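J.: Let's have the full structure, built from the sequences with the hints guiding it.
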Amino acid sequence: MQKIGVFVCWCGSNIAATVDVQAVSDALAKEPGVVFSTNYQYMCSQAGQDMIQDTIKEYGLTGVVVCSCSPRMHEATFRKTCEKAGLNPYMVEIANIREQCSWIHKDKETGTEKAIILGRAAIAKVHLNAPLTAGQSPVTKRALVIGGGIAGIQTALDIAEAGFPVDIVETKPTIGGKMTQIDKTFPTLDCAACILTPKMVDAAQNENINILSYSEVESVKGFVGNFTVTIRRKARYVDETKCTGCGLCTEKCPQKKVPNEFNLGLDNRRAIYIPFAQAVPKVATIDPNYCTMLKTGKCGVCSKVCTAGAIDYKQQDELIEREYGAIVAATGFNPISMDKFDEFAYSQSPDVVTSLEFERLMNAAGPTGGTLLRPSDGTHPHTLVFVQCVGSRCDGGEKGKPYCSKICCMYTAKHAMLTREKYPDTDVYVFYIDVRTPGKNFDEFYRRAVEEYGVHYIKGMVGKVVPENGKLKVQASDLLGGQQLHIDADMVVLAAAIEPDKSARPLATMLTASMDTNDFFTEAHPKLRPVESPTAGVFLSGACQGPKDIPDTVAQAGAAAAKVIGLLSKDQLTCNPCVANSNELMCNGCSACEKVCPYGAITYIDKDFRGPNRTTLRRRVAQVNPAVCQGCGACTVACPSGAMDLKGFSNAQIMAEVDAICK
Amino acid sequence: MQVNQEFKPTIVAFCCNWCSYAGADLSGTNRLQYPANVKIIRIPCSCRLNPMFILRAFQRGADGVILCGCHPGDCHYTTGNYYARRRMTLLFSMLDFLGIERERTRVEWVSAAEGAKFAATMNEFVETVTKLGENKRLEDLRCKS
Amino acid sequence: MQELIKAKAVELLENGVCDRVLGWKAGEFFYDVTPAVFRSREEIEKDFVFGPFCGANMSKYLIAESRKEGKIAAFLKPCDTYSFQQLQKEHRIRRENVYAVGVQCEGMCDIDAMKAAGIKGILGADGDGGTLTVHTLYGDKSVERKTVLAERCKCCKSKKLLGCDEIIGGQGEELESNRFAQVEKLEAMTPDERFAFWRGELSRCIRCNACRNVCPACSCEKCVFDNPASGVENKAAANSFEENLFHVIRAFHVAGRCTDCGECSRVCPQHIPLHLLNRKFIKDINELYGDYQAGADMDTRPPLVNFQTDDPEPSVVHERGSEQ
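Chains as they are written, first to last, in our numbering: chain A, 1 to 663; chain B, 1 to 145; chain C, 1 to 324.
You can take every hint at face value.
With the C-beta cut set under 7 Å, the calculated list includes, among others, these residues of chain C facing chain B:
no., residue
1, Pro191
2, Arg194
3, Phe195
4, Trp198
5, Val232
6, Phe241
7, Leu245
8, Phe252
9, Lys280
10, Asp284
11, Asp311
12, Pro314
13, Val317
14, His318
When the alpha-carbon atoms are kept at most 25 Å apart in a straight line, the in silico PhoX-like pairs for lysine-lysine are as follows:
no., chain 1, residue 1, chain 2, residue 2
15, B, Lys136, A, Lys663
16, A, Lys595, C, Lys283
17, A, Lys30, A, Lys3
18, A, Lys663, C, Lys235
Label-pair ranges, simulated between beta-carbon atoms:
no., chain 1, residue 1, chain 2, residue 2, range
19, B, Ala120, C, Ala188, 32 to 40 Å
20, C, Asn213, A, Ser219, 36 to 44 Å
21, C, Asn213, A, Ser337, 53 to 61 Å
22, B, Phe7, C, Gly290, 40 to 48 Å
23, A, Arg610, C, His91, 16 to 24 Å
24, A, Cys404, C, Asn234, 50 to 58 Å
What the hints contain is simulated information worked out from the structure, not anything from laboratory work. Fair warning: this is a prediction, and the values are worked out from it, not measured in the lab. Note that CB positions come from ideal geometry on N, CA and C, so glycine has one too.
T.: Quick look at the structure:
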């Protein structure tokens, strides 16, 4: 039997005015297990706390009930008080007789009666409380950033600046991501490469940053502070440590007909390649799908011309295993495929391009050297039609995406503006549903496109694009003018919706991080914890969490880094001891609990149990990782056998409260 | 009819720690009244509510049971209230199927800012259950002293 | 059919595919068939039966059997295979230790329906088709199978054999069944009528636990009703509350996992239509969260460990009620 002390607080007159505190402490003194019961003016005051501590020592209390304000207010205070007096802090329960009693009732008799019942419920619960100890787990002081775009680079730089080592895993041969393909950035029109490449170089030169390019995350084990990650370093058939990036091999390689993904297939590269001039690491990579030597064993030109002896046709994928304390997902986005939008004739005419392709056509390092030319015949286009919201804000979502891709309004305004600036002889039309420009200097930028650069903005959607005699016949509706428009365009540019990178979904599974229906990572709280995933120790950076422009991405990247630094600066993590635990003797191993766990805290092992007649039975049983469990209790109800219970809010405790209240 | 013979139902309100319990606190802070029949049990999340607790409450003499949690989409644990919503929907439907008055059970989403909603919900629920009268269909006479 | 199955059982044993066979064993009476494990040709030839009274769902026995050494061959009817898959989904059956033989089923007979049709002193029955020849103490009698089918077989949901290593009697199809008709009838009643109906039924419960013991979904290592720590432990239902409690909690614990095999009602010595409780959950799940058949596949998430952000609110129960 517990020895329980009851402390009824007056809270000045806040409680005492509508609750007869003396009657409450007298009534509760008669409850089983209560060895001491008193009331006092301010329990949370130093004198009140001293009284609790003295009583614990004097009466050898094993449990304490404080009838006072909400536990949200002073539970922590009283737990600390009791801990100082040698009582386990989780042997304290609060009966909320202020917010949920004295403040809502005017009649003293009613208030007193209710306060007694609430006190009884707390006593009934304390009887079943068990001392709990917050566990500690060590923190590996290294972070992993998955994705080497601007989001990943910024996060890594910020973490490295704080003195912690960071690995960047990037699936492409170079870091830089989508931003490397962009020509100019809105709303300032500074060149993307000019602001990005110095950051890439910084990342490469920072002693705390280790770039694992052309690599992928293979598996993730562990939990916050203690992740073990297996990374596949794909064979690039070039020794990174020897290659000087001179590029001679990429000029001599006889296989010239490889679509260049950096220019989105608008031109070709060789089978051995460096994606672009400022690539980091600046190391050549052999594309095994096209290399004649790797496919047939005959060629070897690159090996002959390489003075550094860096070519290694026998290189194999390598698996490395590393420990991390925190993981940042920065897997970014891609424009959606235009396959389902055949009304815009994307597959029928090379002069219908996506906005990202248009970026390459405008870029000095692009396939046309920065001169805007039609991909079909290399002529100068005079009439350009931009179509917004291609695949964004699609109802039903079968064809496109239900959400707004957020960046298209601004980059389309940028494209229209740049076209008109460089080629004043062009006519530029933009078809839109709405123009959304919430951002610093964004609306001003859009208005400049309309007012200063004379871009024709037309509210309405393009219905059809038909290639005919070298022209693109565009049929569209002008909703404000109330008319159908027919435009003979030379080029059509589609603002394709953006979607999370395909690698995000399997990664989320590995990280047990949750995703929304569109495969964007979900944040731990949409307002208050926007850069953390619900899985402890996993953070989100950039467009993998939702469509974002560069300033937003960089801001979020920095925020994610701050969270990582906060985590890595701790030597030990204190765990919440009110966590689920599974009774192995009753566990069916059915996985129901694992399925509802939002944190991936539950795993299974096969364990031997003694069966009848000296036999051994091997059964699958659930195990809860207390460092990961947050104590929501979803698993306890999913479990049909009741093997799963929650410390601090156990089935027995809650039922005891129910009984005390209903009596 | 004498006032002291008026039927005062016993109501158990399970409130999640993060939204609804805070909402209940707020209605206290704002001195918004609701009947003393309502007694709150704090649980970490609405998904902690086991159907067995509801039946237990009815067995021990509760006349109504209400669950309050964060609004769907706002769960502190991201998904808990979605599971709670399915469980409660099915449980309530089953109780209704057995002929237990469906008005005795309820789920309401109350955020930490909705003190007024909490008080209004409780007033309304107590009124509904008072009209229904004593819980006779899920009582356990042994538990009634 | 019986001969085909027996021959297969012997073949599997003697070829070393398995070291034991799970099948149906003849009892004292012809209609009194129990599941049993056979270890030799002799045992099979002596006792193995397959006929119109082999209703027992074999999947449950595989939980314990598949954990033993060696491999067991099991004969599974279509409805058994749904439970078989559901239990695999829940990691309860070790698939690698089971050789599953699907046997097609024409519906199992109800002894009470037979008796009601005036057939007594049953010694045996022949005929795989629509007409059964029943051998009785009083000579052979011919009866239409569909008139003496068990209630659950009259509204059979599927003749499909899932996840078997081989099949005897041909693969079947999912069927259009009106299995929710009775639930609908109850839903259309007033709450008072429903209460009276269920009190009438559940008050007969003697808490023999047969429903629980036969149910493939009720295969917990330790049932909450046997566990003193669960707070709901009771061995005998003392009053109406505990009768309700037991059946509501049992139905809730199997909700989303119950394959609707109907064993609970088959074994109930008090003839309580317990399957209606499970069907109510299935019907609600289908209507509120989309059609779901437990055991039909190996990878979908069961509805109670799943959600949609736009699931209906629990008040839907009130709204649906007020439409009536």
